[in-house]
Amino acid sequence: MSIPHSAFRTPHSVVERSDMNSDRSLKEFLSEAEDILETAGQALASLDDEQRSGRPDPETVNALFRAVHTFKGLAGMFGFKAPAGLSHKMEFLLDEVRMGKVGITRETLDLLYDTIALMGRLVAQAGKKQEPEDIDPLIGRIDEALLSKQAVSVERSILDRVDIDPAILGVLTEYEEHRLRENVQEGANLYTVKARFQLSDFEKGIKGLSEELKKRGELICTLPTAGDAAGAIGFTLLVGSPRDRSAFDPLLSAYGVTVTPVSSRETASAEAPKLEAGAIRSVSNTVRVDIRRLDGLMNSVGELHLIKNAIARLARDLRAEHGVTGYATSLHKAHRNLDRRLNELQEGILAVRMVPLGQIFSRLSQAVRKYAKDAGKLIEIELQGEETELDKLMIEELADPLMHLIRNAVDHGIEPPAERAARGKPDRGMVRLSALPKGNSVVISVEDDGAGISPEALLAKAVAKGMLPADHGLDPATDRKEVLDLIFLPGFTTRESVSEISGRGVGMDVVKKNIARLSGMIDIVTEPGNGTRFVLTLPITLAIIKALIIEAGGQVFAIPLSSVLEILQARSGGVETIEGREVMAIRGETVPLLRLAKAFDLPANNGREEFYAILVGMAERRLGIVVDALRDQQEIVIKPISKRFADLPGIAGATELGDNRGVVLVLDVESLVEGSFRHTLAGAKAS
Amino acid sequence: MKNVLIVEDSKAIRSLIRVALEEAGGFFVVDVGNGFEALRTLPSRPFDLIITDINMPDINGLELIGFVKSNDTYRDIPLIIVTTEKTEEDKKRGMALGAAAYIVKPFKKEDLVTTVRKALEGR
Chain A
1 MSIPHSAFRT PHSVVERSDM NSDRSLKEFL SEAEDILETA GQALASLDDE
51 QRSGRPDPET VNALFRAVHT FKGLAGMFGF KAPAGLSHKM EFLLDEVRMG
101 KVGITRETLD LLYDTIALMG RLVAQAGKKQ EPEDIDPLIG RIDEALLSKQ
151 AVSVERSILD RVDIDPAILG VLTEYEEHRL RENVQEGANL YTVKARFQLS
201 DFEKGIKGLS EELKKRGELI CTLPTAGDAA GAIGFTLLVG SPRDRSAFDP
251 LLSAYGVTVT PVSSRETASA EAPKLEAGAI RSVSNTVRVD IRRLDGLMNS
301 VGELHLIKNA IARLARDLRA EHGVTGYATS LHKAHRNLDR RLNELQEGIL
351 AVRMVPLGQI FSRLSQAVRK YAKDAGKLIE IELQGEETEL DKLMIEELAD
401 PLMHLIRNAV DHGIEPPAER AARGKPDRGM VRLSALPKGN SVVISVEDDG
451 AGISPEALLA KAVAKGMLPA DHGLDPATDR KEVLDLIFLP GFTTRESVSE
501 ISGRGVGMDV VKKNIARLSG MIDIVTEPGN GTRFVLTLPI TLAIIKALII
551 EAGGQVFAIP LSSVLEILQA RSGGVETIEG REVMAIRGET VPLLRLAKAF
601 DLPANNGREE FYAILVGMAE RRLGIVVDAL RDQQEIVIKP ISKRFADLPG
651 IAGATELGDN RGVVLVLDVE SLVEGSFRHT LAGAKAS
Chain B
1 MKNVLIVEDS KAIRSLIRVA LEEAGGFFVV DVGNGFEALR TLPSRPFDLI
51 ITDINMPDIN GLELIGFVKS NDTYRDIPLI IVTTEKTEED KKRGMALGAA
101 AYIVKPFKKE DLVTTVRKAL EGR
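Residue numbers (the numbering used here), protein chains in the order written: chain A, 1 to 687; chain B, 1 to 123.
Since the hints were made in silico from the structure, they are not lab data. Bear in mind the structure is a predicted one, so any value in this text is a computation, not a measurement. Glycine included, each C-beta is placed from N, C-alpha and C at the ideal position. Mixed in with the good hints, there may be bad ones.
Derived DSBU-like pairs (lysine-lysine); straight-line CA-CA distance at most 30 angstroms [to be verified]:
1) 92(B) - 81(A)
2) 128(A) - 81(A)
3) 109(B) - 204(A)
4) 129(A) - 92(B)
5) 69(B) - 204(A)
Derived Cβ-Cβ restraints for the label pairs, each shown as a range [what the hints assert, rightly or not]:
6) 75(B) - 158(A): 28 to 34 angstroms
7) 348(A) - 88(B): 49 to 55 angstroms
8) 243(A) - 44(B): 53 to 59 angstroms
9) 129(A) - 75(B): 19 to 25 angstroms
10) 290(A) - 111(B): 33 to 39 angstroms
11) 304(A) - 44(B): 55 to 61 angstroms
12) 157(A) - 96(B): 16 to 22 angstroms
13) 27(A) - 25(B): 23 to 29 angstroms
14) 105(A) - 11(B): 31 to 37 angstroms
15) 348(A) - 92(B): 49 to 55 angstroms
16) 11(B) - 370(A): 35 to 41 angstroms
The task is simple: from the sequences and hints, build the whole structure.
As structure tokens, then:
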């Protein structure tokens with residue numbers, strides 16, 4: 001039943017004048033138009049942030065497009081020509097942006113800001129029944145921006161390479177199809193996720209699932225399907241992700257979904273480019289490798305380590321049973337050779353993953369210039385150790401926390417020129433970004449020569465905010481470390497007014513959490529009047545780490561060796577109790593103890609006279625973890641654990657040990673030390 | 001009375017369509033703001049017609065049409081796409097999926113009513 005469409009294409013509008021004169025109708029328009037512009041403004045601010053950190057999210061661009069699209073339809077239906085005309089032009093520009101034909105540059109963003117501001121004014125003018133202002137100058141600017149449009153050469157046939165369900169392909173919008181193509185082009189893995197929910201409450205499920213999928217990649221399409229039973233509804237989702245299929249494992253049980261990789265139709269013969277004789281050879285001898293391939297190789301190395309360890313145990317058993325005889329010795333030697341070669345292989349793969357920090361430093365120094373300009377401050381940026389190398393994936397994850405620290409330095413650290421002059425400092429403030437390799441770690445610091453942080457002010461603030469009781473018993477001079485660490489508590493900010501630069505709702509607690517996720521530590525050194533330095537210590541890679549395998553309360557755990565300072569054999573006699581906490585004197589320093597079995601509610605082994613204390617520490621804070629037995633040291637690959645345990649404090653992930661010990665939990669030393677610190681604070685509150 | 005479901009994320013446009021149909025007479029109108037709500041509402045009454053926008057968050061108009069057309073219970077309900085000249089390509093895809101008609105924003109009330117009545121012919 002098709003209808004001759006042209007009959008209904010009405011180029012002009014709309015709502016009859018009589019409707020428009022009704023105030024109710026105008027009010028409806030105004031309130032919705034304002035809501036949409038608010039949404040558009042938020043999307044633009046996010047896009048701005050993402051552009052600064054070098055990773056604009058297609059989803060954000062599309063949200064902005066959608067808002068402007070809705071605005072246009074609304075203004076058109078209500079007969080407001082100026083807002084409709086302007087939003088029409090902006091929609092056009094945004095469509096080119098989301099299709100990758102116009103780049104997201106500073107100029108584009110500024111233009112979008114100006115357009116949204118004008119749309120806001122036009123709405124206000126409509127509300128007051130005033131003549132709308134002239135939109136032509138801005139239309140001209142948008143036309144100019146559109147001149148930068150580039151043809152994007154994505155092979156249309158690229159989708160033939162993948163075997164996607166035709167039912168999905170049929171419902172993709174033009175934009176979704178573009179995103180799918182981009183994903184295929186970039187070599188992302190595609191997955192079909194099938195879910196089934198009860199119709200009565202499917203929204204919570206599908207929204208939660210969508211959020212989880214977005215954490216792992218890009219959600220390209222959500223197609224509802226008939227449920228297999230009455231009262232049920234199904235969904236088929238298409239996801240593009242750089243991650244392995246295993247990254248979706250936690251969703252299998254949490255949402256009862258199936259995740260199927262979309263298979264590739266690629267065949268070697270179809271793909272091989274036909275080279276003519278004498279084709280130009282590349283002069284470069286480098287190759288670009290997808291980091292996921294390296295992840296795959298590293299996983300294999302991890303598995304090989306497990307096999308190597310099994311061989312080591314065999315060799316040990318053989319020697320124990322038969323003595324140092326021919327076979328036992330040969331096996332032992334073979335194992336040692338395997339160990340050496342395996343380490344070479346591992347180092348080789350790690351070396352390929354390493355990229356210099358300079359990549360992100362130059363991005364950050366641009367940001368400093370921009371922030372300094374916005375804040376009306378004169379700032380010199382100094383970079384040191386740009387050649388220091390770190391795992392590519394870690395570098396990407398570091399961009400946001402470093403950006404935040406830099407914003408803080410520019411905004412809260414460096415004083416305005418007049419104030420600096422009054423303090424006898426040079427007009428120009430200094431922000432120094434430096435990196436230094438240190439064994440298997442890298443130390444990155446963000447330093448400024450600004451006002452510094454006053455422990456007294458921090459303490460007063462914490463009390464005022466109700467984070468500490470008035471009789472907290474902390475002394476700004478002697479408990480300096482604990483006091484400075486207050487800055488990392490959620491909801492802590494030292495300024496009453498939130499500035500444009502750092503006041504975007506992200507606090508130092510988020511920075512700390514991000515660093516902790518990378519198994520790193522963050523520390524503050526500050527001197528009021530002279531400046532602040534944030535010091536980040538990070539492992540060079542998370543792909544594979546050395547761990548100490550221990551036992552407590554009948555359970556086996558792994559502790560990342562990078563956090564272990566020392567292992568002590570101690571006697572119960574050396575343990576004292578201060579304010580309800582067990583502590584021990586280690587080389588003149590009082591260190592709090594944490595009984596691991598007790599911390600995880602496992603059967604305790606208190607009666608024992610001798611025990612092991614594993615001294616771990618971050619910065620100046622120490623903790624002795626009390627365990628029942630030490631097993632060995634091992635290379636481990638940390639795997640994420642299911643959602644149910646993900647927020648459990650003290651656990652960083654799980655790993656496989658390869659013998660009968662099976663899967664064991666890896667301790668998150670940072671949060672254990674943190675927990676013990678909280679306990680001390682709570683003790684201070686209670687006493 | 002014909003049961004009509006409107007799926008459109010703009011509240012003001014939704015109410016314009018509803019008022020236009022109610023004034024024309026003979027329609028019982030249910031309007032929702034997104035595709036999820038549409039999925040929840042579909043089983044609630046025997047709808048004779050669905051009017052849907054294309055550009056919506058979560059699930060868009062095409063995905064909704066794909067669902068309706070592949071579902072034994074709903075496949076015979078005619079769909080009208082509300083579109084703009086910008087989404088020409090998506091309109092074509094919607095028609096290919098089996099939509100009965102489309103109407104381009106901004107439209108006149110009487111054109112909307114005519115389109116709706118034609119789509120309902122024979123039901």
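Open item on the list: Tell me the numbers of any earlier hints that the structure contravenes, in ascending order.
Closed with: 3, 4, 8, 9, 10
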